[in-house]
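Asks: The lines below spell out each chain.
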Amino acid sequence: MVFAGFGGQGVLFAGKVAAYAGLIEGKEISWLPSYGPEMRGGTANCSVCISDEPIGSPLITAPNYLIAMNLPSLERFIDGVEPGGTVILDSSLIDREIARGDITVHRVPSSRLAEENGLAGLSNMILVGKLFHELGFCTDEVLDEAMQKCIPPRKAAMLELNRRAVALGARQ
Amino acid sequence: MKVLMKGNEALGEAAIRAGCRHFFGYPITPQTELAAYMSKRMPKIGGTYLQAESEIAAVNMVLGASAAGVRAMTSSSSPGISLKSEGISYMAGSDLPALIINVQRGGPGLGGIQPSQADYWQATKATGHGDFQVLVFAPSTVQEMVDLVSGAFDAADRWRMPAMILADGMLGQMMEPVELPEEGGHTSIDKPWAASGHGGKREHNIINSLYLTPDKLEDLVVERYKRYEQVQAAEQRAEEYLCGDADVIIVAYGASSRVARSAVNKAREKGWKVGLLRPITLWPFPTDALKKAAGQAKAFLTVEMSMGQMVDDVKLAIDCRVPVHFFGRTGGMIPTPGEVLAEVEKLL
Amino acid sequence: MATIFQKPHALTGAPLHYCPGCTHGIVHRLVAQAIDELGVEGRTVGVASVGCSVMCYDYFACDMVQAPHGRAQAVATGLKRARPENIIFTYQGDGDLAAIGTAETVHAATRGENLTVIFINNAIYGMTGGQMAPTSLPGQMTQTTPYGRDTDTAGYPVKVCELLSTLDGVAFAQRVTVDCVKNVNIARKAIKKAFQNQLDGKGYSIVEVLSTCPTNWGLTPVESLDWLRKNMIPYYPLGVYKDIEAGVKKGGASQ
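First to last, the protein sequences are chains A, B and C.
Okay, so the first sequence: first residue is 1 according to the working numbering, each after it adds one.
Okay, so the second sequence: first residue is 1 according to the working numbering, each after it adds one.
Okay, so the third sequence: first residue is 1 according to the working numbering, each after it adds one.
Honestly, the hints are just simulated from the structure, not real lab data.
Virtual Cβ for every residue (Gly too), placed ideally from N, Cα, C.
Take these hints with a grain of salt, some might be off.
Beta-carbon label-pair distances, calculated as ranges [what the hints assert, rightly or not]:
(1) A:T61 / B:E345: 15 to 25 Å
(2) B:G244 / A:R112: 17 to 27 Å
(3) B:G109 / A:G80: 28 to 38 Å
Computed footprint of chain C on chain B, listed as stretches where at least three residues anywhere in the stretch have a Cβ under 8 Å from a Cβ of chain C [as the list claims (entries may be wrong)]:
(4) 33 to 41
(5) 86 to 98
(6) 131 to 145
(7) 160 to 171
Working from the sequences, and respecting the hints, build out all of it.
Replies: Below, the structure written as structure tokens:
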């Protein structure tokens, strides 16, 4: 799966939560970020592989799942999505129609939902909630444990907000 | 349970667990997380993290600490390694162990910051001026980065020569689950040669690479090369993946070997007999494994993130007995399994 | 019979290779004497630099490390950080310390590394045969300034003690010379103090010794001492440039 958006939207963090959930489930996993100047407000993305087999190339060019948080990211990756794959996008920032008929598209107005629900900056986790709901890949408990792994103790107050965001996303 | 770690950070933690308490560095992308990790950890365990004024100063601080008899390391990315080459040559000439990590990026010059393998020649053949070699290890996973760090320190101490981990931006930046070795589990060997203060108990030790008499210098270099022969016999390592019946064997190390592995899997799905031979040590080069593979494969395909550097060593290792082909991307581009598969198809 | 003069224990007794009239020999003795008097030979490690004194690793009886050109203070930093209980000194010429090694010098100084630096300033590159040094005087004739050092094109000399004394990490900086008994005695005390400071944990201490190079100056040893007095001392005034009694180490990351 590929998580992509603006630098600062938390795409790397969202990918890390997904990777940790895979780890807890005993899968082979890899997490590969984009890095460099583009991380400072440009577009950022990360490739997360979760597999039963050892992972070869961790760089994904044809994702099964694409989580797109802005238009440039959608445009960069949409053509590569595997037939039968799934796209989850932030419809409050992306209003483009998607021509491909061979993929499933979920439009979640995550930025707006985050703002309306006092979850500023957690649009990423709303999309993660939706992703895991669609994936059905692990239990809510595993996802919760993954979030605990990714949030350092000094930011413990963020955990509850992240949980609310994930729960909100799962209901979309 | 395993923990998720970035390659760069895993290298740092592995070094600490291998008994290294002295890190000297300088910021450069894409290795910086390693220096940052050390700056966080070292003060908590009574170790040294020192941000030097340059890569040159950093490698010479390593020289000093190593001369004092402790495990010391530095890390950088390609342009910074060029600056370290002076110190690496002096350490080789002074028979000092050390660990140097190169998280490669695209070159030449300032190049780029995306992953590359274009420093193969530099690492294996021209790490600095003069007749010498350094041990070169090429991990392909974050776990292997961890495992090779302690092995590299041990080998450097055993053979009294610098060791290098040749990684790249992909391995440095990516996270994978790792199992870390126990703390304090490393072995340390006696270093009676160290400039640690003679305490009035022995003759003074001199750590030196200057020999103005040519026959004396020749003797020393020849002696060192005898040691290198032993290293070649003892330290060669490679991994074979589905090579047993392979008609075409891909030779690739580090990040490109991961791409190659994916390509091999796709080839096998098509029923093509393709295998992967992955050098783990680049110096000494795993000549024995390649010779063996050349007995049965009809062709080799070397895949690198460069314009073709290791391919020369593959040809030399097998005396060109079977055709050796090359496919590479450079400048920070990472080949895709599909591209590699297309190259394989041409050889079947 | 009472011994009134003998070779310091911290010198090996190997014959020195220096040219007649060169003051390296005197400075070697003063360094060895300081090591003897402080009783630290067994835990002292010296760093030899590239230049005429490169082979001083054969002359000092303590453990020795030979550093790449200009990198002596980086090497010394590594030695000291690895074993802080040891006494580390560098012995460097002007080309090594003030040209190719300027960055290493300034940054070891600004970090306040607890080191002793012995700096030989003879205004010329001796080992390579008399080229301009960073400390060659304006107008000075050398192999590479055959018409005299032109400050418009070759720049001005580097005044090391003045430069380093502006850095907060420097505990002690003194310029001395060894042209006569009186000055040798001053130099002896300065060098011992630079070692004592390290024992006391005070931080970076440097002694700059104005020295002669009769061979490359094209003068006799006696003429060389005269030239040093007439030309070098006026440009590089002797004296203490910095002496922070309490040292420069404050302790603690929050400082």
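Asks: The structure should be examined with respect to each hint, and the outcome stated for every one.
Replies: Hint check results:
About 19 Å separates the C-beta atoms of A:T61 and B:E345, a value consistent with the hinted range of 15 to 25 Å. Distance hint for B:G244 and A:R112: a CB-CB separation of about 57 Å, inconsistent with the stated range 17 to 27 Å. Look at B:G109 against A:G80: about 32 Å separates their beta carbons, and that is inside 28 to 38 Å. A count of 0 residues in the region 33 to 41 of chain B with a Cβ less than 8 Å from any Cβ of chain C is obtained; the coverage claim is therefore unmet, three being the minimum.
Here's how the region 86 to 98 of chain B fares: 4 of its residues keep a CB closer than 8 Å to some CB of chain C, so the rule of at least three is met and the hint holds. By the rule of at least three residues with a Cβ nearer than 8 Å to a Cβ of chain C, the coverage given for the region 131 to 145 of chain B is violated, with 0 such residues. A count of 0 residues in the region 160 to 171 of chain B with a Cβ less than 8 Å from any Cβ of chain C is obtained; the coverage claim is therefore unmet, three being the minimum.
Checked against the numbered hints above, the structure breaks hints 2, 4, 6, 7 and satisfies the rest.
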